[in-house]
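Chain residues, written in single-letter form:
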Amino acid sequence: MIGASRQEGMMQRLLVGRMFQGRLVPDSMRTEAGGRIDRARDLRFRFDGVDYLGCEGDTLASALLANGIHLVGRSFKYHRPRGILSAGAEEPNALVTLRRDGGRTTPNLRATQIELYEGLEATSQNRWPSLSTDFGALASLAAPLLPAGFFYKTMLGPRGWKLWHRLFEPLLRRGAGLGHAPTQPDPDRYARYHDHCDVLIVGAGPAGLAAALAAGREGQRVILCDEQAEPGGTLLTEIRALVDGIPAREFLARSLAELSAMPNVRVMPRTTAFGLYPHNHAGLAERVTDHLAAPGQDLPRERLWQIRAARVVLATGAIERPLLFPNNDRPGVMLAGAARDYLLRYGVKVGNHVVIATACDSAYLTALDLAAAGVEVKVVLDLRSSAEGPLPEAVRKAGIPILTGGRVLGTHLRRLRLDSVLLGRADGRTRWFDCDALLVSNGHTPTAHLAAHARAPMHWNDTWGAFLPGSIEGVASIGACAGATTLAEALAQGAALFAAVPPPVEAELPIAPAPGTLQGAETGCVFVDLQNDVTAQDIRMAVGEGFRSVEHVKRYTAGGLGTDQGKTGNMALFALTAAASGLAPAQVGTTTFRPPYTPVTFGTLAGPARGDLFDPVRTTPLHDKAVAEAAVFEDVGPWKRARYFPRKGETMHEAVAREVAATRATAGMFDASTLGKIEVMGPDAAEFLNRLYVNALTGLKPGSCRYAVMLSEAGFVMDDGIVARLAENHFHVTTTTGGAARVLHHMEDYRQTEWPDLRVWLTSTTEHWAVIALQGPKAREILIPLCEADISALPHMAVRDLTIAGAPARLMRVSFTGELGFEVNVPARHAPPLWDALRARLAAIGGTLYGTEAMHVMRAEKGYIIIGQETDGTVTPGDLGLPEGRAKPDFVGKRSLTRPDMLLPDRRQLVGLLTENPAVMLEEGAQLVTEASPPPGTPALGHVTSAYHSPALGRSIALALLAGGRTRLGQRLFVAGPRGGIAVTVAPPVFLDPEGARLHG
Amino acid sequence: MLIIRCPYCEANRPEPEFRHAGAAHIVRPLDPSATTDAEWAEFLYHRDNPRGTVAERWRHIHGCGRFFNALRDTVSDRILSTYPAGQGRPE
Amino acid sequence: MRRFSLATLLREALRGHTGWAPQWRDATPKPAYDAIIVGAGGHGLATAYYLAAECGVRNVAVVEKGWLGGGNTARNTTIIRSNYLWEESEAIYEHSLKLWEDLSHALNYNTMYSPRGVMMLAHTVHDEQVLKRHIHANRLAGIDNEWLSPREAQEFCPILNTDPALRYPVLGAALQRRGGVARHDAVAWGYARAASALGVDIIQNCAVTGIRRGADGAVQGVETERGFIAAPQVGVVAAGHTSVLMAMAGVRMPLESFPLQALVSEPVKPVMPCVVMSNTIHAYISQSDKGELVIGAGTDVYTSYSQRGGLHIASDTLEAICELFPTVRRLRMLRSWGGIVDVTPDRSPIIGTTPVPGLFVNCGWGTGGFKATPGSGHVFAHTIAKGTPHPIAAPFALDRFRTGRLIDEAAAAAVAH
Amino acid sequence: MVEIMVLPPARRMVLWGDTAVADRAGAAFGLALPHQPCRAVEAGTRAALWLGPGEWLLLGPDGDDPPLAPALADLPHSLVEISDGFAALALHGPGAARALSAGCPLDLHEAAFPVGMVTRTVLGRIGITLWRRAAAEWRLEVPRSHAAYAEDFLAEATRGMPGF
Ligand SMILES: Cc1cc2nc3c(=O)[nH]c(=O)nc-3n(C[C@H](O)[C@H](O)[C@H](O)COP(=O)(O)OP(=O)(O)OC[C@H]3O[C@@H](n4cnc5c(N)ncnc54)[C@H](O)[C@@H]3O)c2cc1C
Ligand SMILES: NC(=O)c1ccc[n+]([C@@H]2O[C@H](COP(=O)([O-])OP(=O)(O)OC[C@H]3O[C@@H](n4cnc5c(N)ncnc54)[C@H](O)[C@@H]3O)[C@@H](O)[C@H]2O)c1
Ligand SMILES: Cc1cc2nc3c(=O)[nH]c(=O)nc-3n(C[C@H](O)[C@H](O)[C@H](O)COP(=O)(O)O)c2cc1C
Ligand SMILES: [Zn+2]
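Protein chains in written order, with this note's numbering: chain C, 1 to 1001; chain A, 10001 to 10091; chain B, 20001 to 20417; chain F, 30001 to 30164.
The reader is advised that the hints may include incorrect statements.
In silico lysine-lysine, DSSO-like type, Cα no more than 30 angstroms apart, as pairs [what the hints assert, rightly or not]:
hint: 1; chain 1: C; residue 1: Lys162; chain 2: B; residue 2: Lys20269
hint: 2; chain 1: C; residue 1: Lys397; chain 2: C; residue 2: Lys378
hint: 3; chain 1: B; residue 1: Lys20098; chain 2: C; residue 2: Lys162
hint: 4; chain 1: B; residue 1: Lys20132; chain 2: C; residue 2: Lys640
No wet-lab data here; the hints were simulated from the structure.
Given only the sequences and the hints, what does the whole structure look like? Please build it.
As structure tokens, this is what we get:
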């Protein structure tokens, strides 16, 4: 690493240092050598407006530490100054906002996981005006008044004043949140992929690697993911052991090379397995571009991987726990393992004069390695009564004093950075030690999150002072997360899963995780949850107030609710809860682990589903024709339908009036292609349909159609349509636009499971057939010349297959307008030319195109219902005045029609309404009452289902569902409205041509 | 997203291909008109909804289109078996 | 019960917060009670409270298998509103809303009820028709609900995307200003504290394992993990587990239990001033006083008691949220979870008597019963005390599934939340 | 890495019936209809795709008119033309499976989805029929009105797609 390029780097660093007027000596805490950073590649970055230098391979945290910066954030509640606690995903304190251009601002990112890139710009959060001078810290002064849950007990004010909502809540909300949400839409892309494998291994530490090597060599399809930029886990800092005869880090490189050469194995760095869902379905979030200074155009920012794995292997390691002591939250207090990570991975000394306090052996490694790097390790305080074994011995040999059985009693802050710690010895004597970092360890908690997602049982383990995951079918935990304490054990467990021989390990200093002796300091600010400022006292208070379950304590104190989800603090929270209630930790248990393991970007989960990919837009084969005619479209379910065709300057109302008038006077043409169509074939087709529809269909003659209504088994109208009998065994059935899929499913349900003996089959032809409705007195005239058969005598409700304008067509003489009319079905490709041909003839005689709005008006004039408008799932055919199939022995829904409520005379029935003032239009949804100004709480008699201006009648009309409606014909009622009632007269629902003369014309 | 074995496709398939169709083995009375209102309500609405093994219907709607039945543990969501519609509930 | 107030807080602060008493007694079961409520969720606790406070029935036990308030009460998105469609629903939800307005004072516990307004979006002409029908119906009932144009909707919630080119554009919204949110846990705790103070025994970690009936068929009490407890009246208020409990008494219910999921983002400074719901594209969102966005997702399609569910449920919801609020796309999901909701065929609750004398049930609140907590507890308490349904509860009788007099809110396209 | 092509129109028929129908139809169509689940059989320009028990999709070139109806006249069956109801997309290239995996939750590995397998499944929010005609060649039958979505979806999936 050191060489010409290193020199260049140093030169540049000096230059930059001068450029910033020597404000900071760049990289002052960087070691001369070592670490896995690229010292030749300087990266400039900015934190809170000040420029610094770091190296390629740094995280933001390591780069800040390299520059001697410890103060990086403020806590949520009391705005206490906070430093960097950890070196990884568990970080509770060091949260920052990253800014890129425009909408690319991201709050609440952990500095410990942000990979440094050239030009990175970060700002601290939850402080005003600056990190060092934060007025929010005044909250600390009021801290005695703000214990856990204080707001439940106060902030109400006098009854009726609503002071909570008007005054206190807005005040509280000012303090809400950590960072600021972006104010611009996110310009980045996100991608999602599914994948499958035999083995998904989460965590590429020694355990995961050993498992991957073994499974890979067996030929299994393996995915090995690790949240970090560099796979390796603890191997990255393993500088002593030989694995398979070579240094551990070489073994890592060799293993990764071997894995990458296997076509059946995929290693995915920067990929967090964030959740394990039912049936071994894992969610992985891959960070693709966040570490790049200039992300490419095409790359998504992140990818969601949904992995289905036959076997899931969890090798997620363990998370170190901080110690509990008064003021344990100061910048400069850091996990011992993290300090070692910073040294060995990033070449950063977290301090020059450090004190180490531990309840666990692994911190001795930190002492040794820091000392070797020239850091003054003043003392190692071991909370345990004795410190024996190879590690303490090595430390003593290195000349570092060890105090056993002691306690940390306090810390002192100078210029918002730790400057000394007060240690208490077993014999009661105390002493302040000057230091610029206090490195702590309180043992490790196995990272059992994903196992817990999969509902693996959790077993209390005294040695770890934590819960270890048991195994369940398809999910295995190995390595530190399953309680392995040594490298050899971790490798062995990984290999053993696939019955392989693990590589031998030599010259390893043993590492025994400490039991969870949690020092419960009695007084002072002992922080358990650093992010949410939950103290030991808060927990004791909660338990004292009756919140005895850890779930209660969590919710009352907000402990573990933060963005770190209590990764470092929860075990202490559980233990303190247990202690306060006189129970053993095993009795108290844990709170529930929930996905995600670490937070996942909304965009990653939403993936590419934006704009038209959010939900498919369906268009008919005639869509372009409608566009060309300047149609205004409406969304009907997923479909775009032409609502009306305005001519220059026309309002919708004018256009619709014109379309209706022209259709009734001459003819109109309408794209009805969205109607659902089902081909029903087979010897029992008629019987089948007869059982599904209210209407009698067995007797329907080939060549004829019938309007038919379909009920749910509960007796409510579900859909309607035309049943056309083409031949003895062959029907063409239409459904509503929105009902197509539902109806087919309903039919299949009965066909397959109720009447499997019927020989009948169903095929959806919705998309095959385009449908052009041609309606109006001149419809026949327009159509005849295009037909290659004589249709002049085709009666109403007849159907024929014939050739029209060269296209194989299915012609039905049906009408939804009340006019003589046809619906021409042609295969989709033939629709545009047919449309053109009809359009030309239509234009010649003064006909029109019409859209859904005019269609609605015309059908309302005729009293035809629309499913979803006149019906809402509570309406029976009887309510609508439709046949009820009384003569038929059974059909779906029939039995329900005789339930007591269905026979009540006050059921809401379909009627027409005529306003006394014909110019007044009713509002759809408006309520019917008997008085002009009903007092509040008056029950409604019904409601307006449809209301239009009727061009045919030259006045407003409406349809309504009205209690006992058919007995109220002629009655005067009111439609309630904000400006008083509107008088209406109840009328039959058919306003136009009740005899059907036009229809049969 | 569950993984469900379709007895007709003879393969494990992902949940989005299926539509859940409620409790299985609910027999539609042969002559509904002969049922009392209470019996009819039982048929329409009342369900065991067990905490434990449930027999339920699925349709492989984005697959072979078939309805079939599954036994599933509603606590672990583990599927114990799947079998064709019309076949009795396995032990 | 020691009153909570700023003065008590001050006094305790001076004592280092060592003098706080338990907010409720952690009771051990007595051999017999006048009434037993099964399930210490918000509804069960409210029932017990009103029994003691209003009906003079104080010898009451609430028996809970886990920790009180740990069911759906702990896991809902806390949307409160009363702008339902049918008169029966309007009556009970409005009754409840009125109780919410004074609840903190009544319980001497800040339930943080925050009437910040609930806005329901219309994306299609059909949505508009449905929402306007609600507005008309609500106005007649004297319940506030108003129509907002897209511009007004955007003013009410500035980060709402009202671009007409959206796949599902916002065509308008129905706004209930008195709707809002409350702090879910505080509701359970406040009721528990007040009920306990009135003498109600709250028995946690005590699952009911059987319902004992006498020779006459009437209820005699409940079998529990901690032995038999006698009572002539038992009210089952167990949400997702109702079918399981009723089966113990031999009653089969018109219920299915589904996992319903929700999630929160990392906390951010306030950006979402109100509650926004879109039934059409399944998005339900508000922001808590702590700063996290609270987002309601959908139900899984299958019945389950596992309190979890599929990943796609959360991602589907976030697709919709990101479409409607494109500035939140970079925020991150902090936690997601599931509850078990008991769903009736008409999406309305069942409150009242059962075929078993002495056995009462209050269930079927499905995805939307948090808002009803006070009202439901209130009318259920009166129903138990009198032995006949409270007038507001009467339409929600179990018998409606026989008669066909359903109260179908779902049919009217108003998904409950 | 992936080429997405819209294929020309085709003749499509859905056939329902029992074994006898299948045999008779096979004879008229010129290839034996597959009885094994999720298999496609190709012969010349025609193919028969198993969709479900007793249900096949018969594919031929546009305008193809095999004498199926007469052959089946006396057997209970259903034969319905749906030629214009679908559009076909072809995906070629080693990245095709990865592109599909953006929206299809099936295991598309060759061991799980071998050449010659066909099935209805989902792609994002739509239903498709997916047929692997060769290791790196797929044919998608997409409902006509969903074809644009499918194309856009796949194009988006290939942008910045990982190479594995
Ligand atoms: C994700 C989600 C979001 C929601 N969002 C909203 C919303 O925004 N607005 C809204 O109004 N509603 C919402 N709801 C619905 C609402 O949460 C519920 O309707 C309501 O909380 C039900 O309250 P409860 O007291 O009846 O039930 P719960 O709080 O579930 O209480 C039932 C209790 O019964 C106990 N129990 C069960 N079995 C036994 C037994 N054998 N013995 C003893 N005790 C037993 C349970 O442990 C539980 O504590 C949501 C629900 C969920 C899951
Ligand atoms: N100091 C101690 O007392 C102590 C404690 C535990 C383990 N160890 C040592 O650690 C080694 C154990 O190795 P190991 O392989 O079990 O653990 P490890 O820590 O080496 O590797 C775990 C890896 O999993 C990753 N990871 C965790 N959760 C993840 C997720 N959800 N998604 C993606 N990646 C995730 C981590 O970033 C890490 O790289 C042994 O050598 C053991 O001696 C030491
Ligand atoms: C309104 C609301 C807000 C919540 N806010 C948070 C939060 O900020 N942080 C958090 O970790 N969990 C939050 N939760 C989720 C709870 O931690 C927990 O997941 C939920 O109560 C379900 O319980 P369980 O996960 O223990 O089963 C919130 C839950 C609700 C209902
Ligand atoms: Zn299948």
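Structure-based check of all given hints:
1. With a C-alpha separation of about 23 angstroms, the suggested pair lysine 162 of chain C and lysine 20269 of chain B falls inside the 30 angstroms cut-off, and the hint holds.
2. For the given pair, lysine 397 of chain C sits about 14 angstroms from lysine 378 of chain C by alpha-carbon distance, which is consistent with the 30 angstroms threshold.
3. For a cut-off of 30 angstroms, the pair hint linking lysine 20098 of chain B to lysine 162 of chain C stands: about 13 angstroms separates their Cα positions.
4. Taking the CA atoms of lysine 20132 of chain B and lysine 640 of chain C, the gap is about 23 angstroms. The hint holds against a cut of 30 angstroms.
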